[in-house]
Structure formats: C-alpha cells, structure tokens
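> Protein chains in written order, with this note's numbering: chain A, 1 to 99; chain B, 1001 to 1210.
To be clear, the hints were calculated from the coordinates, so they are not data collected in a lab.
Don't take every hint at face value.
Distance condition first, Cα-Cα at most 20 Å in a straight line; then the derived SDA-like pairs of lysine to any residue [claimed, not checked]: (1) B:Lys1035 to A:Ile49; (2) A:Lys72 to B:Ala1097; (3) A:Lys72 to B:Gln1207; (4) A:Lys72 to B:Ser1102; (5) B:Lys1035 to A:Arg80; (6) A:Lys72 to B:Arg1104; (7) B:Lys1035 to A:Lys64; (8) B:Lys1035 to A:Leu25; (9) B:Lys1035 to A:Lys53; (10) A:Lys72 to A:Ile49; (11) B:Lys1035 to B:Asp1075; (12) A:Lys72 to B:His1096; (13) B:Lys1035 to A:Asp29; (14) A:Lys53 to A:Ala70; (15) B:Lys1035 to A:Thr14; (16) B:Lys1035 to A:Leu9; (17) A:Lys64 to A:Glu83; (18) A:Lys53 to B:Phe1016; (19) A:Lys53 to A:Leu95; (20) B:Lys1035 to A:Met39; (21) A:Lys64 to B:Gly1017; (22) B:Lys1035 to A:Pro26; (23) A:Lys72 to B:Val1091; (24) A:Lys53 to A:Gly97; (25) B:Lys1035 to A:Leu42; (26) B:Lys1035 to A:Thr34; (27) A:Lys72 to B:Phe1016; (28) A:Lys72 to B:Val1101; (29) A:Lys64 to B:Arg1158; (30) B:Lys1035 to A:Ala57; (31) A:Lys64 to B:Gly1103; (32) B:Lys1035 to B:Thr1072; (33) A:Lys64 to B:Leu1168; (34) A:Lys53 to A:Thr43; (35) A:Lys64 to B:Val1091; (36) A:Lys72 to A:Val12; (37) B:Lys1035 to A:Gly28; (38) B:Lys1035 to B:Glu1111; (39) A:Lys64 to A:Val12; (40) B:Lys1035 to B:Ala1187.
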Amino acid sequence: MNNDGLDPLIHVPTRLKIVATLAALPDGDTLSFTRLQDMLELTPGNLIIQLRKLEEAGYLSSEKTRNGSAQKTTVALTSRGREALGAYTQALRDLLGGL
Amino acid sequence: MNHTSGPTAAGNGGTFGPEQAAALLDQTTQQARRKFQPSPPWLLVTRAVMVLAALGAIWLSVRGQHPYRGPTAADIPVLVAFIAVNFAATVAVRRHATAGVSGRSRFGQGEITVLVLAFVAAVVAMVALGAAGVNFATYPTSVLVIPGLAWAVLMAARANWRGLATGLAIVVIGIVGAFAGPAGAWAVAAVGLCVVLLGSAAAIAWQQRA
C-alpha cells in the first residue's frame, strides 16, 4: 500500500483501466485479450506487461486456448482482484471525502 | 464517485492523484458497462416506441370492428416488419456487446433450447386454439404467456431479478389482455410492452450510472 492507502498495483492509469473494465463483466465471465486491447486502445506489448503484473499478484487469471492454428487468450478478474478493487475504491472515497 | 478533474494528466507524465484516479475509475467503469450491455437503454426505448406504434396501429384499425374480425391485411406487413427489425437490431447489438466475452452470462445450449421450445409451444398453442374453434386473433396476447414464463424461469435460475420481473410482467400482460376483449387486447399489449421496455431501459440506465 502507498502512504495514502492506495494499492500501488492498481494505482497506475493503465492497470486501473484494466481492472475497472474487467470488473464491469458479470462474475464468472472472461474477456478475450483482443477485445480488451480494443476497448483500452493499448498496444499488445503494453497490455501483456500490465496483465502479467496483475496476474502475478493474483488479481486476474488468464487462460490460453488453441483452436487450430489460432491461439486465444482470455482474462478475468479473480475474487481477490475484485476485493482489491473494492478496497481501492473505498480508499479513494476515504481520501476524497477527507479533502 | 463523480469527479470532474480529467484523468489525462497522469497519461502526460503528471502525478496520478486520487482525484484523477477517481475520475478515471468512474469513466472506465461507465464506458465498460455501456459497451458490455447487450440490451442498451437506447435500444429498449426504440423498441418501446416501435411496439407502441405497431400494436397501437393495429388497435386503431380493429377497435371499430363490429363484429371483430382481427387485424386487416394492411396491418400484417407492419407487424412482420416490426418483428424483423426488432430481431435484427437485437442480434446485431447483442453480438457487438458480447464479442470476446464468454462465461456464465452467455446463454447455454440448454437455455437456448428452452427459449426455442417456448416459442414453438406458443405456436402450437395458437394452432390448438384454432383447432378448438377459437381464432387466435380473439386472444392475441395469449402468445406472450408461454415465452414470458420461460424467460422468467430462466432468469430466476440465474438470480437475475430484473429479468425475472420482465418475464412475469410479460405474463401479466398476456393474461390481462385475454380479459380485455379482442380489440382491447391489442391496446393492452401495446401499452403494457411499451411500459415494460421503458422500465427496463430506466433500470439499466440507473444501473450503469451507479
């Protein structure tokens, strides 16, 4: 956590957008890498780096499936990721409410 | 959270403060909810206006019939066009919204089968009514009861209470229409479906803003 109680893993614009987008999906749904990239307008390289950091923290899970020669990657927020976003949102509220 | 300070500062090398974070979180969440929504409020409102116009036009044409003979030949193309446009728009918007999404929110094979069977059952019921000497046109809203019930059951199984309410409301429209007389049934369907669609649009719009 930062001094202000904000989770440093989420408190980065790109990662905040990734987490917020995945949190908008119903629980139990996954999103394809290409749709996520399309929605956030990120380069594949940048998105892969940010997803890896979030996955290492256990905030999201990814799955690769192969259909013939094409490989499809899907990602989803884990329950830990949802909890972390909830805590981050609460920390933001506390900070801004105290201003 | 509604914060007016723009989130762009952080992207331009500035500090990413709580205000920017809150604004970015709000903006991204609302955008994502809008993009993932298979039944956006604008589509539901359009559908509400269309159903009111299409079924209202039929009611206007049949309300003066004594005795009641049912929709005229001129009404049928309006009804068919409404169903075709509605179906095409629904499929196109849903396909766009759910592109790349997989998992629990998508209908499973079993659920699709239940819905198809419900519509088949509605057609069978219409034919059975006709065979029993009861013209379907006498009870036009009866066609809503079986699909409405099927939708309500599926939504209840998914713990989707808004969907359940929609399904039950459609069943109620079907039943109320059966007691409104043949001409009045068209008015009940037009107003009832319009209200249900507007209610759903309002609920979704509110949910997206929350």
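> Each hint: holds or not?
Here is what the structure says about each hint:
1. Taking the CA atoms of Lys1035 (chain B) and Ile49 (chain A), the gap is near 24 Å; set against the 20 Å cutoff, the hint is violated.
2. At roughly 18 Å between alpha-carbon atoms, Lys72 (chain A) and Ala1097 (chain B) fall within 20 Å of each other, so this suggested pair holds.
3. As the CA atoms of Lys72 (chain A) and Gln1207 (chain B) are separated by approximately 31 Å, the hinted pair breaks the 20 Å bound.
4. Simply put, Lys72 (chain A) and Ser1102 (chain B) have alpha-carbon atoms about 12 Å apart, close enough for the 20 Å limit, and the pair holds.
5. The straight-line distance between the Cα atoms of Lys1035 (chain B) and Arg80 (chain A) is roughly 24 Å, outside the 20 Å bound, and the hint therefore fails.
6. A C-alpha spacing of about 18 Å is found between Lys72 (chain A) and Arg1104 (chain B), which places the hinted pair at or below 20 Å, so the restraint holds.
7. Proposed proximity of Lys1035 (chain B) and Lys64 (chain A) is contradicted: the alpha carbons are some 24 Å apart, above 20 Å.
8. Taking the CA atoms of Lys1035 (chain B) and Leu25 (chain A), the gap is about 10 Å. The hint holds against a cut of 20 Å.
9. For the suggested pair Lys1035 (chain B) and Lys53 (chain A), the alpha carbons sit about 25 Å apart, so the restraint of at most 20 Å is broken.
10. At roughly 17 Å between alpha-carbon atoms, Lys72 (chain A) and Ile49 (chain A) fall within 20 Å of each other, so this suggested pair holds.
11. For the hint pairing Lys1035 (chain B) with Asp1075 (chain B), the CA-to-CA distance comes to about 36 Å; that exceeds 20 Å, so the pair is violated.
12. Between Lys72 (chain A) and His1096 (chain B) the CA atoms are separated by roughly 18 Å; this keeps the pair inside 20 Å, and the hint holds.
13. With a CA separation close to 15 Å, the supplied pair Lys1035 (chain B) and Asp29 (chain A) stays within the 20 Å bound.
14. For a cut-off of 20 Å, the pair hint linking Lys53 (chain A) to Ala70 (chain A) is broken: about 25 Å separates their Cα positions.
15. For a cut-off of 20 Å, the pair hint linking Lys1035 (chain B) to Thr14 (chain A) stands: about 18 Å separates their Cα positions.
16. Between the alpha carbons of Lys1035 (chain B) and Leu9 (chain A) the distance comes to roughly 25 Å, so the proposed pair goes past 20 Å and is violated.
17. For a cut-off of 20 Å, the pair hint linking Lys64 (chain A) to Glu83 (chain A) is broken: about 24 Å separates their Cα positions.
18. Between Lys53 (chain A) and Phe1016 (chain B) the CA atoms are separated by roughly 19 Å; this keeps the pair inside 20 Å, and the hint holds.
19. About 25 Å separates the Cα atoms of Lys53 (chain A) and Leu95 (chain A), which puts this hinted pair outside 20 Å; it is violated.
20. The hinted pair formed by Lys1035 (chain B) and Met39 (chain A) meets the criterion: a straight-line CA distance of about 9 Å does not exceed 20 Å.
21. Straight-line distance between C-alpha atoms of Lys64 (chain A) and Gly1017 (chain B) comes to about 35 Å, which puts the hinted pair past the 20 Å bound.
22. The hinted pair formed by Lys1035 (chain B) and Pro26 (chain A) meets the criterion: a straight-line CA distance of about 13 Å does not exceed 20 Å.
23. Distance restraint check for Lys72 (chain A) and Val1091 (chain B): the Cα-Cα separation of roughly 24 Å exceeds the 20 Å cut-off, and the hinted pair is therefore not satisfied.
24. For a cut-off of 20 Å, the pair hint linking Lys53 (chain A) to Gly97 (chain A) is broken: about 30 Å separates their Cα positions.
25. With a C-alpha separation of about 17 Å, the suggested pair Lys1035 (chain B) and Leu42 (chain A) falls inside the 20 Å cut-off, and the hint holds.
26. Distance hint between Lys1035 (chain B) and Thr34 (chain A) is fulfilled; the C-alpha atoms sit about 15 Å from each other, no more than 20 Å.
27. Distance check on the hinted pair: Lys72 (chain A) and Phe1016 (chain B) sit about 33 Å apart at the alpha-carbon level, beyond 20 Å; violated.
28. For the hint pairing Lys72 (chain A) with Val1101 (chain B), the CA-to-CA distance comes to about 12 Å; that is within 20 Å, so the pair holds.
29. About 27 Å separates the Cα atoms of Lys64 (chain A) and Arg1158 (chain B), which puts this hinted pair outside 20 Å; it is violated.
30. Note on Lys1035 (chain B) and Ala57 (chain A): the hinted pairing is violated, with a Cα-Cα distance of about 27 Å set against a maximum of 20 Å.
31. Using a Cα cut-off of 20 Å, the hinted pair Lys64 (chain A) and Gly1103 (chain B) holds, with the two alpha carbons roughly 15 Å apart.
32. Our distance criterion of 20 Å between C-alpha atoms is broken by Lys1035 (chain B) and Thr1072 (chain B), whose separation comes to about 41 Å.
33. Proposed proximity of Lys64 (chain A) and Leu1168 (chain B) is contradicted: the alpha carbons are some 40 Å apart, above 20 Å.
34. Distance check on the hinted pair: Lys53 (chain A) and Thr43 (chain A) sit about 16 Å apart at the alpha-carbon level, within 20 Å; holds.
35. For the proposed pair Lys64 (chain A) and Val1091 (chain B), the alpha carbon gap of about 28 Å is over 20 Å, so the pair is violated.
36. With a CA separation close to 26 Å, the supplied pair Lys72 (chain A) and Val12 (chain A) exceeds the 20 Å bound.
37. Straight-line distance between C-alpha atoms of Lys1035 (chain B) and Gly28 (chain A) comes to about 18 Å, which keeps the hinted pair within the 20 Å bound.
38. Of the supplied pair hints, the one linking Lys1035 (chain B) and Glu1111 (chain B) is violated, its CA atoms being roughly 24 Å apart against a limit of 20 Å.
39. For the suggested pair Lys64 (chain A) and Val12 (chain A), the alpha carbons sit about 26 Å apart, so the restraint of at most 20 Å is broken.
40. Between Lys1035 (chain B) and Ala1187 (chain B) the alpha-carbon distance is near 34 Å, which puts this suggested pair outside the 20 Å criterion.
Hint compliance for this structure: hints 1, 3, 5, 7, 9, 11, 14, 16, 17, 19, 21, 23, 24, 27, 29, 30, 32, 33, 35, 36, 38, 39, 40 are broken, all remaining hints hold.
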